[in-house]
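Turn these sequences into a full structure, and let the hints guide you.
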Amino acid sequence: MTSLVLVRHARTGFNTEGRLQGSLDVPLEQDGLAQSERIAQRVVGEYGTSLAVATSPLLRSSQTADAVAVLVGIGPAERDERFTQRPYGVWEGHTWDEVRERWPAEYAARRAGLDPAIPGWGQSDDVADRVAAGLREWAAEAARTGVETTVIVSHGSAIMLGVSRLLDLPLTPSRLGHLPHGAWNEIRWNGGDDWRLERYCVGLPASGTVG
Amino acid sequence: MRHGETDWNAAHRLQGASDVPLNENGRAQARAAAPVLARIVPVKTIVASDLSRALETAHIIADAMGADVVTDQRLRERSYGVWEGLPEAVLRSEHGEEHTRWAEGLEPRVEGYEGHDAVAKRALAAVADNVTGDGTHMLVAHGSTIRVLICALLGMELASRAIATLGNVHWAELENATADDAPGNWVLRRLNAAGDTVSA
Chain A
1 MTSLVLVRHA
11 RTGFNTEGRL
21 QGSLDVPLEQ
31 DGLAQSERIA
41 QRVVGEYGTS
51 LAVATSPLLR
61 SSQTADAVAV
71 LVGIGPAERD
81 ERFTQRPYGV
91 WEGHTWDEVR
101 ERWPAEYAAR
111 RAGLDPAIPG
121 WGQSDDVADR
131 VAAGLREWAA
141 EAARTGVETT
151 VIVSHGSAIM
161 LGVSRLLDLP
171 LTPSRLGHLP
181 HGAWNEIRWN
191 GGDDWRLERY
201 CVGLPASGTV
211 G
Chain B
1001 MRHGETDWNA
1011 AHRLQGASDV
1021 PLNENGRAQA
1031 RAAAPVLARI
1041 VPVKTIVASD
1051 LSRALETAHI
1061 IADAMGADVV
1071 TDQRLRERSY
1081 GVWEGLPEAV
1091 LRSEHGEEHT
1101 RWAEGLEPRV
1111 EGYEGHDAVA
1121 KRALAAVADN
1131 VTGDGTHMLV
1141 AHGSTIRVLI
1151 CALLGMELAS
1161 RAIATLGNVH
1171 WAELENATAD
1181 DAPGNWVLRR
1191 LNAAGDTVSA
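So the protein lines, in turn, are chains A and B.
So for the first sequence, the working numbering puts the first residue at 1; every next one is plus one.
So for the second sequence, the working numbering puts the first residue at 1001; every next one is plus one.
The set of hints was computed from the structure by calculation and includes no laboratory data.
Every residue gets a Cβ at the ideal spot worked out from N, C-alpha and C, and that includes glycine.
Just to be clear, a hint being listed does not mean it is correct.
FRET-style restraints, in silico, Cβ to Cβ [said to hold, decoys possible]:
hint : chain 1 : residue 1 : chain 2 : residue 2 : range
1    : B       : Ala1028   : A       : Gly13     : 26 to 32 Å
2    : A       : Ala140    : B       : Asp1180   : 36 to 42 Å
3    : A       : Val90     : B       : Gly1081   : 32 to 38 Å
4    : A       : Ile118    : B       : Glu1175   : 22 to 28 Å
5    : B       : Ala1028   : A       : Val90     : 54 to 60 Å
The following block contains the structure:
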């Protein structure tokens, strides 16, 4: 039995502007780096210091994960491509307002939780399979080596899709809600296909964001 | 939200339909969570199971937010029949095969045990009658009933063990943003949140 704690990365300037990132590698700035320190404090306060730490290779995630890994004295966190974000194709770099104006039908599909038909969009099924494969392998490795808690920092869509796949939940639309920056989920693996969602979207102050 | 701790919770005894009161720790758990809830979900009415452990938890929280409490017995805990009152260790040692079925999410063959379908049906009816109109509604109920209800609202197999049971005075938040209140249209926004993980 081992637990995975899946944390959404700290906020970037693109996040603040409501601009879609997807596979774009947008780094944390001063404000996001400070937020990543607070996220790390919260995670370690909850789960202690005996942690394995993995991350999406994208900077906004790896910078957040490194804050955790450094705090527990093992940094840097291990990069794993399978935890990278869903590509948003031609929408990357645009704001949601721009998307709504230029691609109204596809925007409506996305609002309904479906995969929009735009070039380069990462299909939910593909992203779910990729992330779930990474989660399964990290859980198996943790169980083999006796690690009780593995912290994995990744992205909103990637986390929701990977967890949905492990729990056998539908993907389009998602049955799991939006994850604010710094919120986390905990899933426990009891061997085989026995995954259990222990907590979803916790770790935040009542304001809903980690400052 | 699941009720606060009872002496039977602390002793790992199955309660089911048995009416076991909160213990002092359970009351303290509810008092500690009350100001957080008063800030983030200031409802006017809390709907509670009429079993005292849920009802008293609801009253402690309602007092902090100036809310009323109404009861709905369809939110009661699943009946465990002849298993009620037995410590989990006894279930494991003396009812091993049925306990294993139960732990895997299957229905144990136990006299008086209330099946998943029956629990889901009455809990969904309680939601349909009490959760009406826009805004946030708060229900106080029991571990197994809430777990089955969450599975039903998300359109999952009721026998699934993929959703954990809530801790005492922990809560789940579900949202239906569609016009259709049918089960399966709900989204899980939080699971096992507590006053100290949604802190000031």
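Hints, one by one, checked against the model:
1. B:Ala1028 <-> A:Gly13: 26 to 32 Å: violated, 44 Å
2. A:Ala140 <-> B:Asp1180: 36 to 42 Å: Once the Cβ atoms are compared, 40 Å apart, the range 36 to 42 Å for aspartate 1180 (chain B) and alanine 140 (chain A) holds.
3. A:Val90 <-> B:Gly1081: 32 to 38 Å: violated, 59 Å
4. A:Ile118 <-> B:Glu1175: 22 to 28 Å: Cβ of isoleucine 118 (chain A) to Cβ of glutamate 1175 (chain B): about 27 Å, so the range 22 to 28 Å holds.
5. B:Ala1028 <-> A:Val90: 54 to 60 Å: Given about 55 Å between the Cβ atoms, the range holds.
Hints 1 and 3 from the list above are not met by this structure, while the remaining hints are.
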